[in-house]
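Asker: Protein chains in written order, with our numbering: chain V, 31 to 318; chain F, 10 to 806.
Read the hints as simulated data drawn from the structure, not as lab findings.
It is possible that part of the hints are untrue.
[Stated by the list, open to error] Here are the simulated lysine-lysine pairs, DSS-like style, with alpha carbons at most 27 Å apart:
| no. | chain 1 | residue 1 | chain 2 | residue 2 |
| --- | --- | --- | --- | --- |
| 1 | F | K60 | F | K735 |
| 2 | F | K204 | V | K169 |
| 3 | F | K190 | V | K190 |
| 4 | V | K253 | V | K190 |
| 5 | F | K669 | V | K273 |
| 6 | F | K58 | F | K769 |
| 7 | F | K601 | F | K204 |
| 8 | F | K204 | F | K471 |
| 9 | F | K669 | V | K274 |
| 10 | F | K601 | F | K669 |
| 11 | F | K669 | V | K169 |
| 12 | F | K693 | F | K395 |
| 13 | F | K593 | F | K613 |
| 14 | F | K333 | F | K395 |
| 15 | F | K613 | F | K601 |
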Amino acid sequence: MIHTSFLSHDRFKFLWVALALGLISALFYLFHDPKEPPNGGTWLGYSLGTVGAILILWLTYLGRRKRNFLNGSGTVKGWVSAHVYLGAALLIVGTLHTGFQFGWNIHTVAYALMCVVILSGFYGIYAYTALPSTRNDLKGSQTLDEIFVQVEDRDAQILKLVEGVNSQVSSAITSALDRTVIGGGYREQLFGIDRSLAMINGRLVGNPAQGAILEYLIETLSKEKGQTRERLGQLMNALAERKKLLDIIRDDIKAQARTSAWLLVHVPVTFGLLASLIAHVISVFVYW
Amino acid sequence: MSDEQFEIIIIGAGPGGLSAASRAAESGVSHVLLESSPKIANTIQKYQKGKHVMATPDILPLRSPIDFQAGKREIILETWEQGISSYNTNVHYGAEAKKIEGSKGNFSVECSNGTVYLGKHIILGIGMQGNPRQLGVPGDQAELVQYQLDDPDEYSNESIVIVGAGDAAIENAVALSDNNKVYIVNRKDEFARAKEGNLNLILAAIESETIECFYGTTPNKVEETPDGERAGLFFLNTSSGEAQVPVDRIIARLGAIAPRGLVESFGIEFPNDDPNAIPALSNQYESNVEGIYVIGALGGYPLIKQAMNQGYEVVEYIQGNQVKPADHELIAAKFEVLPGDIEVDDVLSLMQARIPVFEHVNALQFREIILDSNVHVFKKGDLIFKKNDYTNSFYTIFQGDVEIEAAKDLRILSKQGSFFGEMSLLSGRRRSATVFAGDNCVVIETPRRTMNKLISSVDAVKRVLDQTFIVRTIQQKFAPENSIEELMPVAENTVINQFRPGEVIFAEGDEGDTLHFIRSGSVTISSAQQGKDVIMSYVPANQAVGEMALLGDTARSATATATVKTETLSINRESFDMLMDTAKGLRDRMEKIAEERNRQNVAKQSRAADSSELVSFLMGQGLGEATDVLLIDEEKCVACDFCEQACAATHDGTSRLNRKAGPTHAHIHIPTSCRHCEDPSCMKDCPPDAIQRGGVGGEVFIGDNCIGCGNCEQNCPYGVIQMAYKSEAPDSYWRWMLFGLGDKPGKADKSKSANPDAIKQAVKCDMCKDIDGGPACVRACPTGAALRLSPEEFAGW
Ligand SMILES: Cc1cc2nc3c(=O)[nH]c(=O)nc-3n(C[C@H](O)[C@H](O)[C@H](O)COP(=O)(O)OP(=O)(O)OC[C@H]3O[C@@H](n4cnc5c(N)ncnc54)[C@H](O)[C@@H]3O)c2cc1C
Ligand code: HEM
Ligand code: SF4
Ligand code: SF4
Ligand code: SF4
C-alpha cells in the first residue's frame, strides 16, 4: 500500500513515542518514593502536571493547525497521528499526576473533563476508521447524489403508475411520497429516526421505513383481482425499491453524522477543560 | 448588382474588419464592409453579458483609428459603433459573402442574399467561429427560428423547440425548461455527443417529463401562423410518422460550419488537412490568391488587438505604404540582447538563412514565431535545461554551439543551425537530457504551442522534426556511443505509428517482430490468466515495449494496449538485429530490462490482491494520459471536506477540486480535479497562451494573463476547469475564530464579486506549485484518504 492511514502513519512512529512517554511516567511513579502519599505537589507531581498541561495545550492546537492550509508544517494526517497517540498517553500522564487523589473539587473536575475529551477521542478513532467503510459498503460505486436521483426516478415511475388505480389508494401513495422525510435534526440523523408520514384511509399515520404504506398496499392488493392487482403489484415493487434506496440514504446519513458528531463533545469539552485547567493551576498556586 | 467598384471589399466586421474599414474610411479609400450578422463583431456580441474583455498582450501598441482598451464588452462594442460612424464607414449588414470570383483589380463578391459587390482588393477577416449550421428546411429563415440563445431568462410561458443533441442544445433546453414548455429534437436515438453531466441532466428532464424529446426525428418545415395562438407550426418527421408542434420559437443548435471550406472555395490554399492549419500568407498578409488578404483569427492571430493592428496595416499595404508592423518594437526588444547593431529585418532573415528548420516558413509566420519566442545569449557552461525538467519549449541555435549530455561523461556537440528540445516538444514528456551552452552560444527558445501551430501548418517542419526525433531517440535510448551517421540505416527503417485509445498494439500470441518505443501516450501490458485479462504493468512514454519477443525469438507473451492516443516508433526485427550489432552493450542492457520486467510480472502474479480491475477502471477514466492525479480512498474519507477547504483557502477562494463529483470503483474515488495530462487538451486553444507547464513538477497551470474566454473549460475532457472570480481578501483564521469576522477559512462564496471590474478567469488545480510542502488538499486530509499519484504507481497498488 502506497498510502497509510493516520493510525499507521510513518510506521506508527507516534505510537512508539506515546508508549515510551507512558512507560517512563509509570516507571518514575513506581520508583518514586515521596514522604507524603503521591499527589500533584511532589516534584514528580509537578513534572507530570507540566507535561500534561503542555500536552493539553498542544492537543488543542490541532484545531488551529487543521485550518492553517497555507503554511502549516507537515501534514494534518501526521498531526492527527501524533494527536491520538500522545492524547492517549495523556491519560496515563494525567492520571499519575493526580496520584489518585480525587475529591469534589476543581482539580477533579479538570481531570474528569480531560477524561471525557480523551474518551470521546477514542470514539473518534472508531468513527474515523470504521464508519467510512460502512458508508462505502452501503453505497457501492454510487454517490449519494446518484442515489437521490434514483429515488426521484422511482417517484416519477410511481406517480405514473398511480394514475391507473382508484383515488383512495392513489392518494395514500402520493401522500407517502410527499411526506417522506430524509435527514432532519441532529437526533434524527444520529439515530436514523424516520419521521415519514402517510395519509392512509383519511388518517395521518407514521410511516417509518415506508412500512405503513407497504403494509397497506399488501393488504389492499390481496383483495383485488386481474389488472388492478397487477398494477398494485407493480406499485408495490416500485415502492419496495424506493424503500431500499431510502434506507441506504438514511443509513449513510446516520454513518456520516456519527463520523463527525463526536467532535461536538470533543471540542466544546476541550474548551471546558482549558477553563478548568486554568482554574486548577491558579488555585494550586494561590492556596499553596 | 450595383456597378460601383470599390477599392477594397472587407469581409467580416470583427475587430480586424472594423479596423481595416475605418482606416480605409479615414484615408478616403472607397470601401465596403460586409457583415453576415445584423450587428458588428458577432464573435464579441456572443461573449457573455458584461464580460470584461482584455487587451492582451499589454505591451503591444494599438494601431487603429478606432479605440480598444480593456473593459466591458458593452462599452467596447459601443466605442466601436461610435468609431465606425464617426468615420462614415460603409458597412452592409446581413451580407454573408459566399462566392468570390475574378482576380486582383477585378473581384466580385456574391452574398447569400443575392447582392454582388465589385472590388479591386479583398480583405478577409471572418474569424474562426464559423457560421451556425442552418435547419436546412423550408421556412428556416423565419423570424421564429434562431441559432443562438443569449439569455434564457428572457423567455417565459413559450412553447420552444430546440433542435440538436450536443451540449449547447442540451444546456439551452434545460435552462429554458424552468419557465417554458420545451421540446428537443434529436436526429438520433441517443445523446451520444454530450458531456456526461449534460447527458444526465437531459435524461433526467426527459424522464420527469419537464422536457419532451423527439428521438430519431428530423425537421420537415417551418410554417408561420400569424393568426394562430402560437407564432408558428413546426413539422417534424418522427420515426412513427409526421408530427406538428405549435411553437413560439425554434432554436437550432446544430454546431457551426468551420470557415475553412468557404475560404478554400475562394481559392485560398491551406498547407494540409490538419484542422489547425492556417493559410500561408506573405508578410503583407496576402494569400496565395493575389489581391486577397487574410487578417485576424483566420490568419492565425487569435487576439483582438492583433486583429485590429493587422486591419490597419493591410489597408496601408494595399495603398502601397510600407509601414513597419506594430510589433516591430517588440521584436527589436527581443533582439536587444544580441551583440552588434543590426536591423531587425536583417536579423530575421539571417535567422531564417542560418536555421534550416525555419527555412520553409514564410516571413510573416517566422515573425510571429519570433514574437512568441525568446532569444538567449549564454556563457559557455551555462545550463539551458536539465534532464527530467518538465519544460517543453523548442530551441534552435542561432550562433555558436551547445553540448548535450546524452549520457554520463558523454557530451554531444550541436552546432549553429541545428535544434534541440524536440523530444519533449513532441512527446510532452520530461527532458531526456541535460543541455549546456557551448562557445558563443545564442539560442532561440520557442514555446510549445507556437511550434505545434507551425508543425500543423508546415509539413516540411514536421518531417524534419520527426526524422531527427527518430534518430536521436535511437541514439539516446539504445546506442549512446554511436554516431548519428552510424544509426541512420536503422532510423530510415523506423516508422511512426498512431494508436487510438484502447487499440491493441500487439496481442499475446502474435509473432514478435517489432519493438515499439512509446513516443507519446502510454500503454498497459496485460496477459490472460484463467480466462481473465490481467494488467501487469503500465508503461509511460519514453520507454520501449515488445523487446522480450525480439530478444527471445518467441511469440508475444503479453498484450500491449494504448490507454490514450498513443504514438510509437516501431523498429522491425531486421533493424533491431542491426542495432544490436552496432551498439555496444545493448544486448546486455536489453536483457537486464527484460529480466526486471519478468521479475515485476512474477511479483505481480503471485500477489493475492489483483489490482487489474482497478487499473482498468482508472485507465477507462482517461488516467493513462495523466501525470499526477488526486484519488480519494473512500474507506478512509470522513467527508470532512478539508481537502476542498484547503484548496480554496490556498487558491483565491475557489476549490479546484470537487470531492463529491467523479466516478468511484471499489473504494477508490476520482474527484474532479486536474490530472496534469501529458499532452493537455486544455492548452490547445488558449488565445493568450496562458496555460503553461511547470518546470520541475510538471504541473499544468493557468497564468494571470487568462482572458476568461472559456476555451479551456470546453476543451478539457475531464471538466476540471471552472470560471471564477478571485477573492479580494485572504481568509483569516484568528479573525474568524476569535471574532467571528470574515469567511470561515476555505468557505467563502466566490461565485459573485464585489468588484465590478473583476473578470471570471479560468481556474484549476496547479498542484500547489507555489506552496511549500506541496498539495494542500493532501496535506489537509486528517485521515490519509486523499493522495496524489502518478499512473506508474497504479499497477503496484
Ligand atoms: C469567449 C471568448 C472570449 C474572448 N476574450 C478575448 C479577450 O478578452 N481579449 C482578446 O483580445 N481576445 C479575446 N477573444 C478572442 C477574440 O474574440 C478574437 O481573437 C477576435 O474576435 C478575432 O477577430 P477577427 O476580426 O479575426 O474575427 P471575428 O471577431 O470572429 O469576426 C468575424 C466576423 O465576420 C463575420 N462573418 C463570418 N463569416 C462571414 C461571411 N461569410 N460573410 C460576412 N461576414 C462574415 C462574423 O459574423 C463576425 O462578425 C475571445 C474569444 C472568445 C471566443
Ligand atoms: C485532552 C486531550 C485532548 C484534547 C485537548 C483534544 C483536542 C482536540 C481538538 C481541539 C481537536 C480539533 C477539532 C477540530 O477543530 O475539528 C481534536 C480533534 C481530534 N481529536 Fe482530540 N483532543 C484530545 C485527546 C484526543 C484523544 C486521546 C484522541 C484519540 C484517542 C483524540 C482524537 C481526535 C481526533 C481523531 C480528532 C479529529 C481530527 C480531525 O478531524 O482533524 N483526541 N482534538
Ligand atoms: S485541465 Fe484538463 S486537459 Fe488540462 S491538464 Fe488538467 S485534466 Fe488535462
Ligand atoms: S494540489 Fe493544490 S491546487 Fe491542486 S487540488 Fe490540491 S490543493 Fe488544489
Ligand atoms: S480531507 Fe480527506 S477525509 Fe476529508 S473529505 Fe477530503 S479526502 Fe475525505
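Asker: Please go over all the hints and tell whether each is borne out by the structure.
Answerer: Going down the list of hints, with the structure as the test:
Among the hinted pairs, K60(F) with K735(F) is consistent with the structure: their alpha-carbon atoms are about 15 Å apart, no more than 27 Å. Proposed proximity of K204(F) and K169(V) is supported: the alpha carbons are some 24 Å apart, at most 27 Å. This hinted pair checks out: K190(F) and K190(V) have alpha carbons roughly 20 Å apart, not beyond 27 Å. A threshold of 27 Å between alpha carbons decides the hint, and for K253(V) with K190(V) the separation of about 22 Å falls inside it, so the pair holds.
For the proposed pair K669(F) and K273(V), the alpha carbon gap of about 24 Å is at most 27 Å, so the pair holds. For the given pair, K58(F) sits about 12 Å from K769(F) by alpha-carbon distance, which is consistent with the 27 Å threshold. Between K601(F) and K204(F), the direct Cα distance comes to roughly 45 Å. Violation of the 27 Å bound is thereby established for this hinted pair. As the CA atoms of K204(F) and K471(F) are separated by approximately 33 Å, the hinted pair breaks the 27 Å bound.
With a C-alpha separation of about 22 Å, the suggested pairing of K669(F) with K274(V) holds against the 27 Å cut-off. Using a Cα cut-off of 27 Å, the hinted pair K601(F) and K669(F) is violated, with the two alpha carbons roughly 44 Å apart. As the CA atoms of K669(F) and K169(V) are separated by approximately 13 Å, the hinted pair is consistent with the 27 Å bound. With a C-alpha separation of about 25 Å, the suggested pairing of K693(F) with K395(F) holds against the 27 Å cut-off.
In summary, the hint linking K593(F) to K613(F) is not supported, as the alpha carbons are separated by about 32 Å, beyond the 27 Å threshold. Taken as a hint, the K333(F) and K395(F) pair is broken in the structure, with Cα atoms around 39 Å apart against an allowance of 27 Å. With a C-alpha separation of about 18 Å, the suggested pair K613(F) and K601(F) falls inside the 27 Å cut-off, and the hint holds.
In terms of the numbered hints stated before, the structure departs from hints 7, 8, 10, 13, 14, listed from lowest to highest.
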